[in-house]
Amino acid sequence: MRPILDIQALYKSFGDAEVLKNINLKVGEGEMVFLIGPSGSGKSTLLRCCNRLEEPTSGAIWMDNTNLLAGDTDINRMRQRIGMVFQGFNLYPHMTAEQNVMLALRRVQGKSEAEAREIARRELDRMGLAERFGHYPSQLSGGQQQRVAIARSLALGPRVMLMDEPTSALDPELVGGVLEAMREMKAAGMTMLVVSHEMRFAREAADRVAFMQAGEIVEYGTPAELLAREGGRARAFLGGEH
Amino acid sequence: MDLSRLIEVYFNAGVAWTYLPDLLHGAWVTVSLSVLVIAAGLVLGLAMALLRLVLPRWGVEVMRLWVDCLRAVPPLAVILLLYFGLPSVGLSISAFWVIWITLTLILSAFAEEIFWAGLEAIPAGQWEAARSTGMTQRQTLADVVLPQAFKICVPQLTNRTIGITKNTALGTAIGMPELLNEAQTALSFSGNATPLIMAAIGYLIIFLPLMALAGYLERSMSWGKTA
Ligand SMILES: Nc1ncnc2c1ncn2[C@@H]1O[C@H](COP(=O)(O)OP(=O)(O)OP(=O)(O)O)[C@@H](O)[C@H]1O
Ligand SMILES: [Mg+2]
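Sequence order for the protein chains is A and B.
Just so we're aligned, residue 3 is where the first sequence starts under our numbering, counting upward by one.
Just so we're aligned, residue 23 is where the second sequence starts under our numbering, counting upward by one.
Next up, chain A with everything else stripped away, as it sits in the complex (with noise of 0.2 Å):
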């Protein structure tokens, strides 16, 4: 399967701590790759390395024939291809659903307002929020919120989708919302790189996982490999309650 993000020996340092070492993975297209692991194994380091907000220390992300980390790479170009959700949502709070959606579709991909719009609110039908259009933030669930969030990505049209703990903030029952977001990405064939202790979903949904520890990639198969590798770290973790 062709890559559509192939990370090459990454390297990450915050100041004297090395954070990353040596990270190799590649994410095929419509893949859902789960990145697990311990608390500050530098999962979401690794994230935030695939879009820059962090600057890797040195070597190589391609995705699409372009090494994200070259110094001529026009990175606001290439984040447009890449969504990203957070684990704290972070939408802009000043704007209702349909206008955090608009905003980039705006001011980064020229669109016209009109246009914008009907993109803004296809995307958040399709996450179940047709009611909800012009709502602010503060006026929705935490799930909603997530799911708004979700549709601010996928309105931009990425190629691959990074979430970091994506239901991590949320009420238990709010979770099933998102997960259930998800699983219609990934069967509409989006490529995603996720970090999540939602075990039981990773078991269940995840093309490949990779289990990190103290900054390295140590384990990766599919969930059924790691769940028979006898002795394995990634066995303990993954068989987990989630």
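Incorrect hints may have been included.
[Unchecked claim] So the derived label-pair ranges between C-beta atoms look like this:
{"hint": "1", "chain 1": "B", "residue 1": "77", "chain 2": "A", "residue 2": "74", "range": "54 to 60 Å"}
{"hint": "2", "chain 1": "A", "residue 1": "15", "chain 2": "B", "residue 2": "69", "range": "34 to 40 Å"}
{"hint": "3", "chain 1": "B", "residue 1": "244", "chain 2": "A", "residue 2": "112", "range": "26 to 32 Å"}
{"hint": "4", "chain 1": "A", "residue 1": "235", "chain 2": "B", "residue 2": "93", "range": "43 to 49 Å"}
[Claimed, not checked] Residues from chain B that face chain A, not an exhaustive set, calculated with beta carbons under 10 Å:
{"hint": "5", "residue": "147"}
{"hint": "6", "residue": "148"}
{"hint": "7", "residue": "153"}
{"hint": "8", "residue": "157"}
{"hint": "9", "residue": "164"}
{"hint": "10", "residue": "173"}
{"hint": "11", "residue": "218"}
{"hint": "12", "residue": "222"}
{"hint": "13", "residue": "240"}
{"hint": "14", "residue": "247"}
Keep in mind the hints are simulated off the structure, nothing from the lab.
This one's a predicted model, so the numbers in the text were calculated from it and none came from an experiment.
All C-beta atoms in this analysis are idealised placements derived from N, C-alpha and C, irrespective of residue type, glycine included.
Using the hints, position chain B with the ligands against chain A.
For chain B with the ligands alone, kept in the frame of chain A given last:
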């Protein structure tokens, strides 16, 4: 207490009528000076806060020193210094512009502090969300960060703006014919306190709408929250 005497001294219609044109002229000077101070002070303060985003460390330190000095110094001291000091180096500025320069600089210093605190209060996640969609730093600032920072700043900015703008009354110390100065002159000519009452009412008429405007701005930025 003699009520009719009170009315004659403080609310004397004849005196009021006589000095109304002078007071109106003073009010006009106060209003125009205030508008110019507010506009220039807030714009300069915002510009300085934005500059601070891109300045190197030593530049920030210089700016902070400048801002702290302006916040520490009494406005009257600066006014007297500029008005009586500058001519001795061959530069003389009219009373109106001395007040304007002084109050603009002082307001800009306070405004810079307030705007900067507002900018810093916006969570990093807001920047990251916008940047992750391909927006530039400038676009993020304009569309995402500043609108939220403004909301945080409005109450403090209102207080400071009104507090500093009221210092236009210090113009009376260097003989500028603003509202209070005209009232004082009228007082000494008429021996009657009515012009002072009129000036007080004048200040209310000038500044109450400003407070109402600030209240309106705050309400219009509730963004779905009722409280
Ligand atoms: N901006 C930063 N400056 C310095 N160190 C950082 C920074 N961001 C992360 N780190 C360090 O890098 C390491 C990896 O952090 P990261 O957030 O990637 O872990 P994680 O696997 O996402 O953990 P969690 O499951 O708790 O979210 C940690 O030791 C963390 O303290
Ligand atoms: Mg993390």
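Tested hints:
| no. | hint | verdict |
| --- | --- | --- |
| 1 | B:77 / A:74: 54 to 60 Å | violated (27 Å) |
| 2 | A:15 / B:69: 34 to 40 Å | holds (36 Å) |
| 3 | B:244 / A:112: 26 to 32 Å | holds (31 Å) |
| 4 | A:235 / B:93: 43 to 49 Å | violated (57 Å) |
| 5 | 147 | holds (4 Å) |
| 6 | 148 | holds (6 Å) |
| 7 | 153 | holds (7 Å) |
| 8 | 157 | holds (6 Å) |
| 9 | 164 | holds (9 Å) |
| 10 | 173 | holds (7 Å) |
| 11 | 218 | violated (45 Å) |
| 12 | 222 | violated (39 Å) |
| 13 | 240 | violated (13 Å) |
| 14 | 247 | holds (5 Å) |
Of the hints listed earlier, those the structure fails to meet are numbers 1, 4, 11, 12 and 13, in rising order.
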